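*Asks:* Residues per chain are reported as follows:
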Amino acid sequence: MSSTRAAPPRRPPAPQRGSAGDRRMTWRDRLYRFDMRYMPYLMIAPFFLLFIVFGLFPLLFNAVVSLRNYRLDDPTLPYWAGMENFSRLSADEDFWNALYNTFGIFLLSTVPQLLLALLVASLLNRKLRAQTWWRVGVLLPYVTPIVASTMVFSVFFSRDFGMANWALGLLGIGGADDPIDWRAGKLQAWIAIATMVNWKWIGYNALLYLAAMQSIPRDVYEAAAIDGAGPWKQLWRITVPMIQPVVVFTVILSTIGGLQLFTEPMLFDPNAQAATGGPDGEWQTIAQLIYKVGWKDLNLGYAAAMSWALFLIILVVAGLNYLLTNRLSGGRR
Amino acid sequence: MRRSWTHLARVTAAGAVALVMVAACSGRSTTGGSDAGGGQVTLKINFWGDFGLQDLKARYEAEHPNVKIQLNSGEYNAQHEDLQKKLVAGNGAPDIAAIDEGFMVQFRSQSDKFVNLLDKGAGSYESKYLPWKWKQSLSADGKTQIGLGTDVGGLAMCYRTDLFKAAGLPTERDQVSALWPTWDKFIEVGQQYTTTTKKKFIDAGTNLFNPILGQQPVGFYDEQDQLRMEQGPKVAFDYTVKAVGAGLSANLVSFQADWDKGFTSGAFAVLACPAWMLGHIKDTAPGTQGKWDIAAVPGGGGNWGGSFLTLPKQGKNVDEAYKLLTWLVAPEQQIEIFKKVGNLPSQPALYADPAIADFKNPFFNDAPVGQIFPKMAQGLTPQYLGRKNGPTRVAVENVIRRVENKSLKSDAAWSEAVKEAEKAAKS
Numbered sequence: 000m001s002s003t004r005a006a007p008p009r010r011p012p013a014p015q016r017g018s019a020g021d022r023r024m025t026w027r028d029r030l031y032r033f034d035m036r037y038m039p040y041l042m043i044a045p046f047f048l049l050f051i052v053f054g055l056f057p058l059l060f061n062a063v064v065s066l067r068n069y070r071l072d073d074p075t076l077p078y079w080a081g082m083e084n085f086s087r088l089s090a091d092e093d094f095w096n097a098l099y100n101t102f103g104i105f106l107l108s109t110v111p112q113l114l115l116a117l118l119v120a121s122l123l124n125r126k127l128r129a130q131t132w133w134r135v136g137v138l139l140p141y142v143t144p145i146v147a148s149t150m151v152f153s154v155f156f157s158r159d160f161g162m163a164n165w166a167l168g169l170l171g172i173g174g175a176d177d178p179i180d181w182r183a184g185k186l187q188a189w190i191a192i193a194t195m196v197n198w199k200w201i202g203y204n205a206l207l208y209l210a211a212m213q214s215i216p217r218d219v220y221e222a223a224a225i226d227g228a229g230p231w232k233q234l235w236r237i238t239v240p241m242i243q244p245v246v247v248f249t250v251i252l253s254t255i256g257g258l259q260l261f262t263e264p265m266l267f268d269p270n271a272q273a274a275t276g277g278p279d280g281e282w283q284t285i286a287q288l289i290y291k292v293g294w295k296d297l298n299l300g301y302a303a304a305m306s307w308a309l310f311l312i313i314l315v316v317a318g319l320n321y322l323l324t325n326r327l328s329g330g331r332r
Numbered sequence: 000m001r002r003s004w005t006h007l008a009r010v011t012a013a014g015a016v017a018l019v020m021v022a023a024c025s026g027r028s029t030t031g032g033s034d035a036g037g038g039q040v041t042l043k044i045n046f047w048g049d050f051g052l053q054d055l056k057a058r059y060e061a062e063h064p065n066v067k068i069q070l071n072s073g074e075y076n077a078q079h080e081d082l083q084k085k086l087v088a089g090n091g092a093p094d095i096a097a098i099d100e101g102f103m104v105q106f107r108s109q110s111d112k113f114v115n116l117l118d119k120g121a122g123s124y125e126s127k128y129l130p131w132k133w134k135q136s137l138s139a140d141g142k143t144q145i146g147l148g149t150d151v152g153g154l155a156m157c158y159r160t161d162l163f164k165a166a167g168l169p170t171e172r173d174q175v176s177a178l179w180p181t182w183d184k185f186i187e188v189g190q191q192y193t194t195t196t197k198k199k200f201i202d203a204g205t206n207l208f209n210p211i212l213g214q215q216p217v218g219f220y221d222e223q224d225q226l227r228m229e230q231g232p233k234v235a236f237d238y239t240v241k242a243v244g245a246g247l248s249a250n251l252v253s254f255q256a257d258w259d260k261g262f263t264s265g266a267f268a269v270l271a272c273p274a275w276m277l278g279h280i281k282d283t284a285p286g287t288q289g290k291w292d293i294a295a296v297p298g299g300g301g302n303w304g305g306s307f308l309t310l311p312k313q314g315k316n317v318d319e320a321y322k323l324l325t326w327l328v329a330p331e332q333q334i335e336i337f338k339k340v341g342n343l344p345s346q347p348a349l350y351a352d353p354a355i356a357d358f359k360n361p362f363f364n365d366a367p368v369g370q371i372f373p374k375m376a377q378g379l380t381p382q383y384l385g386r387k388n389g390p391t392r393v394a395v396e397n398v399i400r401r402v403e404n405k406s407l408k409s410d411a412a413w414s415e416a417v418k419e420a421e422k423a424a425k426s
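So the sequence lines, in the order shown, correspond to chains R and E. With numbering that gives the first Met the number 0, letter number 222 in the first sequence gets 221, and the count goes up by one each step, no holes. With numbering that gives the first Met the number 0, letter number 161 in the second sequence gets 160, and the count goes up by one each step, no holes.
Rather than coming from a laboratory, the hints here were simulated on the basis of the structure. It should be emphasised that the depicted structure is a prediction, and the values quoted were computed from it without experimental measurement. Built from N, CA and C at the ideal position, the CB exists for glycine as well. Please note: incorrect hints may appear among the correct ones.
[As the list claims (entries may be wrong)] No farther apart than 20 Å at their CA atoms in a straight line, the calculated lysine to aspartate or glutamate pairs in the EDC-like style are these: (1) Lys-112(E) with Asp-296(R); (2) Lys-260(E) with Asp-93(R); (3) Lys-142(E) with Asp-72(R); (4) Lys-425(E) with Glu-92(R); (5) Lys-127(E) with Asp-111(E); (6) Lys-422(E) with Asp-91(R); (7) Lys-198(E) with Asp-177(R); (8) Lys-425(E) with Asp-72(R); (9) Lys-142(E) with Asp-73(R); (10) Lys-290(E) with Glu-421(E); (11) Lys-312(E) with Asp-28(R); (12) Lys-405(E) with Asp-159(R); (13) Lys-85(E) with Glu-92(R); (14) Lys-198(E) with Asp-176(R); (15) Lys-338(E) with Asp-357(E); (16) Lys-425(E) with Glu-83(R); (17) Lys-425(E) with Asp-93(R); (18) Lys-134(E) with Asp-72(R); (19) Lys-405(E) with Asp-218(R); (20) Lys-85(E) with Asp-72(R); (21) Lys-84(E) with Asp-73(R); (22) Lys-84(E) with Asp-296(R); (23) Lys-418(E) with Glu-229(E); (24) Lys-405(E) with Asp-176(R); (25) Lys-422(E) with Asp-93(R); (26) Lys-339(E) with Asp-282(E); (27) Lys-43(E) with Asp-282(E); (28) Lys-422(E) with Asp-72(R); (29) Lys-405(E) with Asp-91(R); (30) Lys-422(E) with Asp-180(R); (31) Lys-408(E) with Asp-177(R); (32) Lys-197(E) with Asp-159(R).
[Claimed, not checked] Simulated restraints on C-beta separations: (33) Pro-180(E) with Phe-85(R): 52 to 58 Å; (34) Phe-60(R) with Glu-421(E): 28 to 34 Å; (35) Asp-224(E) with Ile-255(R): 37 to 43 Å; (36) Tyr-220(R) with Lys-422(E): 55 to 61 Å; (37) Phe-261(R) with Lys-359(E): 45 to 51 Å; (38) Gln-53(E) with Ser-86(R): 51 to 57 Å.
Throw the hints in and build the complete structure from the sequences for me.
*Replies:* Structural data, given as structure tokens:
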């Protein structure tokens, strides 16, 4: 018994497939199989091809360059630098200054930006006259080209003739006799730049929040109102937890944007091409420093090391923010 | 059978899409290849400010019907950085690229990326040029000449006669020159001006620092490329801080909108004027015609700026570009540019030409610019500009700006300047 079972019955020999009756079907058959098996891959291939060419390859190439001596003005240096660029980074006071500035501006912009966006969204979520008009209106700053708005702001914050100082003068601060020099110190420069960032992104985030808020069922609010929750409590106890995925999304998005801040600090400087972010680097951000090291000092290897450091910092901060917002809005994800 | 046809069509379409995507990613532009033939040739020239090329372009095109010239004027730093990027990328550089002396050392050390003009027979120009000008664009081993000089800076002081008159100062140019034989006297005159008019005398501390530094025998770097802060830079820095401390400076940033506005609004009364600055003043403040005049600079001759025209190797029409280049530096054209925008040629033989020697600039109250600037350029000790000259200058200028905006005390300024310069030297 066992011996007969051990030898499995042989399959019919292959030549059957090659018989005349089957050959007629082959072309169509193959096409069909191709369609089922490979077509999906082919359809999504463009994305991956583009990602490899424009995403993965630059990232990896950047990593290679960061380990190299790549000075445009000195081709005589040895090819590989090893970890030299990274160890230099840890002792570079310009880098730490830029990091400090970046986080300062980041906090001054992201926190008020998202809070105000939340308030604007909850206002827009009520019954309003000319609702669409308001909704399109808050998006206008986002549509304005960033260079154009920054140049306007840079005049707005000018020392002698700026509107910011004029307005503050009306409130009794500074004024024409003792104008605030917006470019002479860290704090005022940070505030000025954070204002530009906030102005641009509040409306955009508000619309994202608004879209999420629309999907919250009305009866939840009605029930809360019956239980005696005021509008403030409703916002924090109902709205925010229920739009939590969008909150996390905006936090991560503005983290990335905030840490890569470039155009605003660049154009805020009257001597923009120098990319020093003020005479003493008062508002030089990391992205700006990378540009300066790469194209002003012509040290592409070191600039690549900085880019990688920035990439890792963004990953860490975005991760932290994700955990934090997740906690704050009470989600368990 | 119909089904299989639709299948086939789908597969083909998808494949085609994927192919197009790949091709789009790797595609190289093939336009411009037709230029290489004997027919139409387009030559691109990149420069900044005003090189006085507008009229010359039309004339050259009329004389050479197969040549089209494309002028591309941009911001000073941006043009140099753009050229550097194109050289690295290996594609996209113009046929003729202007380079300023401040950037020359950087590009000279990449001489393999430029056409060696000596191969094209430019050796015959050596005897015509100011020797230091010829050497500035020659590679360190002396075998590759990457550019031919256009203008040299020279130095003088432009001043507003109307504002001087209002302040009770003399307005006649020899008398004004006699007011300030030294920089100390210059600062005294400035103080006199500010106390009587309550207005600022100079445009910016940095525009005092740069000309004074240009007069020193050694600039930021010696010929071994070692930073030498304690000599020339210290002299220039001390005068600058003194003038800023005396409240002479309008605290403007050069080549920015506010600075340009200052020319028309009379925000300052004097401005250090290399020859090329004349064109800038004329272009930005055409309404001030006749109000300006030109006096001697305190402290003797010096140089600030001056440019070269180079041929990047990437150019598709190197021969045509070289023809245009030699035409542009020929005496006739150089004299025309001088008359038009004030840029002083770097070929001393031309200074004796009556077209230059007798030329008076009507915009500047008929000042004899053909006498003032050549004298400066010839009596010049050329200064070596190190490889890191550009970043070092920016670093020290930033310290001066901090003194001006009062975020840095003037007694702490020098040690800060040394520290920043050392950092820039190592960058």
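*Asks:* Now tell me if each hint is right for this structure.
*Replies:* Status of each hint after checking the structure:
Proximity of Lys-112(E) to Asp-296(R) is assessed by CA-CA distance (about 19 Å); at most 20 Å being required, the pair is judged to hold. Of the pairs offered as hints, the one joining Lys-260(E) and Asp-93(R) is violated, with about 33 Å between alpha carbons and a cut-off of 20 Å exceeded. Taking the CA atoms of Lys-142(E) and Asp-72(R), the gap is about 19 Å. The hint holds against a cut of 20 Å. Among the hinted pairs, Lys-425(E) with Glu-92(R) is consistent with the structure: their alpha-carbon atoms are about 13 Å apart, no more than 20 Å.
Annotation: proposed proximity of Lys-127(E) to Asp-111(E) is violated, straight-line Cα distance about 25 Å (limit 20 Å). Of the pairs offered as hints, the one joining Lys-422(E) and Asp-91(R) holds, with about 10 Å between alpha carbons and a cut-off of 20 Å not exceeded. Between Lys-198(E) and Asp-177(R) the alpha-carbon distance is near 17 Å, which keeps this suggested pair within the 20 Å criterion. Proximity of Lys-425(E) to Asp-72(R) is assessed by CA-CA distance (about 13 Å); at most 20 Å being required, the pair is judged to hold.
Distance check on the hinted pair: Lys-142(E) and Asp-73(R) sit about 18 Å apart at the alpha-carbon level, within 20 Å; holds. Simply put, Lys-290(E) and Glu-421(E) have alpha-carbon atoms about 42 Å apart, too far for the 20 Å limit, and the pair is violated. Taking the CA atoms of Lys-312(E) and Asp-28(R), the gap is near 57 Å; set against the 20 Å cutoff, the hint is violated. Note on Lys-405(E) and Asp-159(R): the hinted pairing holds, with a Cα-Cα distance of about 15 Å set against a maximum of 20 Å.
Note on Lys-85(E) and Glu-92(R): the hinted pairing is violated, with a Cα-Cα distance of about 31 Å set against a maximum of 20 Å. Between Lys-198(E) and Asp-176(R) the alpha-carbon distance is near 16 Å, which keeps this suggested pair within the 20 Å criterion. Between the alpha carbons of Lys-338(E) and Asp-357(E) the distance comes to roughly 11 Å, so the proposed pair stays at or under 20 Å and holds. As the CA atoms of Lys-425(E) and Glu-83(R) are separated by approximately 15 Å, the hinted pair is consistent with the 20 Å bound.
About 13 Å separates the Cα atoms of Lys-425(E) and Asp-93(R), which keeps this hinted pair within 20 Å; it holds. About 19 Å separates the Cα atoms of Lys-134(E) and Asp-72(R), which keeps this hinted pair within 20 Å; it holds. Of the pairs offered as hints, the one joining Lys-405(E) and Asp-218(R) is violated, with about 61 Å between alpha carbons and a cut-off of 20 Å exceeded. Restraint check: the Cα-Cα separation between Lys-85(E) and Asp-72(R) comes to about 14 Å, which is no more than 20 Å; the hinted pair holds.
With a C-alpha separation of about 15 Å, the suggested pairing of Lys-84(E) with Asp-73(R) holds against the 20 Å cut-off. With a C-alpha separation of about 13 Å, the suggested pairing of Lys-84(E) with Asp-296(R) holds against the 20 Å cut-off. Taken as a hint, the Lys-418(E) and Glu-229(E) pair is honoured in the structure, with Cα atoms around 12 Å apart against an allowance of 20 Å. Proximity of Lys-405(E) to Asp-176(R) is assessed by CA-CA distance (about 15 Å); at most 20 Å being required, the pair is judged to hold.
Using a Cα cut-off of 20 Å, the hinted pair Lys-422(E) and Asp-93(R) holds, with the two alpha carbons roughly 10 Å apart. About 11 Å separates the Cα atoms of Lys-339(E) and Asp-282(E), which keeps this hinted pair within 20 Å; it holds. For the suggested pair Lys-43(E) and Asp-282(E), the alpha carbons sit about 23 Å apart, so the restraint of at most 20 Å is broken. For the hint pairing Lys-422(E) with Asp-72(R), the CA-to-CA distance comes to about 17 Å; that is within 20 Å, so the pair holds.
Proposed proximity of Lys-405(E) and Asp-91(R) is contradicted: the alpha carbons are some 26 Å apart, above 20 Å. For the given pair, Lys-422(E) sits about 26 Å from Asp-180(R) by alpha-carbon distance, which is inconsistent with the 20 Å threshold. Using a Cα cut-off of 20 Å, the hinted pair Lys-408(E) and Asp-177(R) holds, with the two alpha carbons roughly 18 Å apart. In summary, the hint linking Lys-197(E) to Asp-159(R) is supported, as the alpha carbons are separated by about 16 Å, within the 20 Å threshold.
For Pro-180(E) paired with Phe-85(R), a C-beta distance near 55 Å keeps the hint of 52 to 58 Å intact. Roughly 33 Å separates the CB atoms of Phe-60(R) and Glu-421(E), a value that falls within the hinted 28 to 34 Å. Between Asp-224(E) and Ile-255(R) the Cβ separation comes to about 41 Å, which falls inside the hinted range of 37 to 43 Å. For Tyr-220(R) and Lys-422(E), the hinted distance range of 55 to 61 Å is satisfied, since their beta carbons lie about 59 Å from each other.
Roughly 49 Å separates the CB atoms of Phe-261(R) and Lys-359(E), a value that falls within the hinted 45 to 51 Å. Taking 51 to 57 Å as the suggested C-beta distance range, the pair Gln-53(E) and Ser-86(R) conforms, at roughly 52 Å.
This entry does not satisfy hints 2, 5, 10, 11, 13, 19, 27, 29 and 30, going by the numbered hints stated previously.
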